[in-house]
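Engineer: Fit chain U to the supplied structure of chain A, relying on the hints for placement.
For reference, the chains in residue letters:
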Amino acid sequence: MAILAQILFIILTATALSLFGKNLLKIRRNILIGKAGFLNDQKARRWKNVFLLALGQKKMFKKPIVAILHLILYVGFIIINIELLEIMADGILGTHRIFESYFEKFGLASLYNFIINSFEILAAMVFVACILFLARRNMLKLKRFMSNDLAGWPRSDANYILIAEIILMGLFLVMNAADTQTHFIISSSLQPLFSGINKDTIFIIEHTAWWLHIIGIYIFMNYLPYSKHLHIILAFPNTYYAPLTPKGMMHNMPEVQNEVLYAMQPELAPTGVAAPASFGAKDVMDLSSKNLMDAYSCTECGRCTAACPANITGKLLSPRKIMMATRDRLEEVGKNIDLYKNFVPDNKSLLHDYITVEELMACTTCNACVEECPISISPLDIIMELRRSLVMEESNAPQEWNSMFSNIENNFAPWKFAPDDRDAWTKQA
Amino acid sequence: MKVSTMAEMMASGQTPEILFWVGCAGSFDLRAQKITKAFATILDKAGVNYAILGKEEACTGDPARRAGNEFMFQMMAYQNIQILNGYSIKKIVTTCPHCFNILKNEYPDLGGNYDVIHHTQFLQELIEQGKIKFTDSNEWKGKSITYHDSCYLGRANEIYEAPRKVLESLDMELREMKRCKSKGLCCGAGGAQMFKEEEKGDKRVNMERADEAIETKSDFVASACPFCNTMLSDGIKNRDEELGIEVLDIAEIIAKAIQ
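Here the protein sequences line up with chains A and U, keeping their order. By my numbering, the letter at position 340 of the first sequence is numbered 344, and the numbering carries on one by one without gaps. By my numbering, the letter at position 7 of the second sequence is numbered 6, and the numbering carries on one by one without gaps.
Quick caveat, the hints were computed from the structure, so don't treat them as lab data. Errors might be hidden in some of the hints.
So the derived label-pair ranges between C-beta atoms look like this [stated by the list, open to error]:
#: 1; chain 1: A; residue 1: 155; chain 2: U; residue 2: 138; range: 47 to 57 Å
#: 2; chain 1: A; residue 1: 69; chain 2: U; residue 2: 43; range: 36 to 46 Å
#: 3; chain 1: A; residue 1: 155; chain 2: U; residue 2: 210; range: 25 to 35 Å
Virtual Cβ for every residue (Gly too), placed ideally from N, Cα, C.
Isolated chain A (complex conformation):
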């Protein structure tokens, strides 16, 4: 019987891990569909960003109360999961609290108690934090959580994660409480609940909680790749690969730079080199891999949208929606590749089908969204790449912009003034 449980545990663990690994590789493949790769210069500055932003959660602390609750979840998540080592070892070897006996052997029983007590305290704090977050999300009616961006699945996604965490922490505490040999700091206060219940039943409760807890963790792990919660992994690489240049700097397009250079100085033009196929981004494969990692890293918290001047004044643009649309389209392209091995055009594109011209046109490039994002996502970069495609590939610019372009071309200023009057002000000075 015990050996059957061990085999079952090993099969379950292997299945959960391989499925998770497979999905992570798929996400990696999707991210690498991007045209341009990752920047990896100035490594010291990049690691500093990882420590400050991802590990240190620096930007979260702009909202201190939320930041502390979030910090509890984050520290709790990392530390409580150390207990998984013992759970896995017990599951594979068919033992019960294998580390406890080792700690005892070396006279460190109190250390074991200290460790589990810490886990329990964190678990209780996570439990409470998740309930507060659930209440905040569903009862406080914060604008960024009520927004239409989150209609349907994204709103449920957030709730599922919080409920899952509450259940997992509950199971962890029940499992410890039902282990009547032990008296840990939090779970011991639950033990009176079991008084009067016979030993066998308590044993079954403990084992059921143990199994449900580990199964819950495997489900949670495999839910991650489909969820916005993926930021718990991708926040780290995403802050590492964040641009180190000033936010105001748009990246250059050497292909266009060269076209202009060859037009001005034809003697420099190489022969037989074809012009690039397209300019800007019409679809996800035209974006950079960093843009695509941004999309997978986004937790849909909406800090960007809450700071966006266009969104604040009722325009259609929402930077969060830009990120969500990019991920949705990328997943669709990924499924297409799963099916046909290579992407087969499906008559759809990120531009138009997922993100409309009206949204793109409302952006003031003010960088508020980029500044707000706690994990260095840039919705602005995607907006600008799409605008480039819109204007250079489709010549789809508002009439006023076309006039502005022609003024710049003919009058060297965005307005129709005589270039000769450029220094007219000096005569009145």
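Structural biologist: Just chain U, lined up with the frame of chain A:
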């Protein structure tokens, strides 16, 4: 006051220490011209040896690039860099944060490497070096003012302190809007929005910002960008003509206080 061009300087064998990049708004827009003249006056009085490009200056290409027209941007950048490098320009000061950002951050990739500073930084330097002296009874003393952060100066280049330091040096009472510094709200003009109608929504961006500025109950609003200046002036006028809150560029404020 004589404003020399680079061409004139060259012809007389002089090399100015700094080029004043005026920008299209500063050159043509009637309101922004006042800012240009104020800054030129300050440079003159502080004894700065400067020049402008005059008719040789052209749009940096910023609105074209932000609108997605990279070709137009590259054309303008190519021309400007030819001229700037032709004169071996080392240092540039500009009264426009958009020109500032693009010259400083985006021209280097195209072969245009200059030490570029914004006029609020330059004013701070001149004040610290004692090259600008205020009249004893400057009219700003004790007046309240709120400073609007330009996105291209603030978030884009993290210049938050220079403009504030300049205002404080006049003993003005600086009042912050709710959204300021890195959280500052855009005036609505950036990203080539200046050159088109806004998309449909409930409110204009400049009205949202003007309301916030009015809320501070300040005597004046300070700007450091000709486009912000236009947007906020329009916004405040639209809300209540009677209020009479003037939107002034930091250069205009300094020019009036100078000896």
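Engineer: With respect to the beta-carbon atoms only, verify the hint that residue 155 of chain A and residue 138 of chain U lie 47 to 57 Å apart.
Structural biologist: Given about 55 Å between the Cβ atoms, the range holds.
Engineer: Just tell me: holds or violated, for the beta carbon distance of residue 69 of chain A and residue 43 of chain U against 36 to 46 Å?
Structural biologist: 53 Å, violated
Engineer: Would you say the C-beta atoms of residue 155 of chain A and residue 210 of chain U sit inside 25 to 35 Å of each other?
Structural biologist: 30 Å, holds
Comparing the model with each earlier hint shows a violation of hint 2 alone; every other hint is respected.
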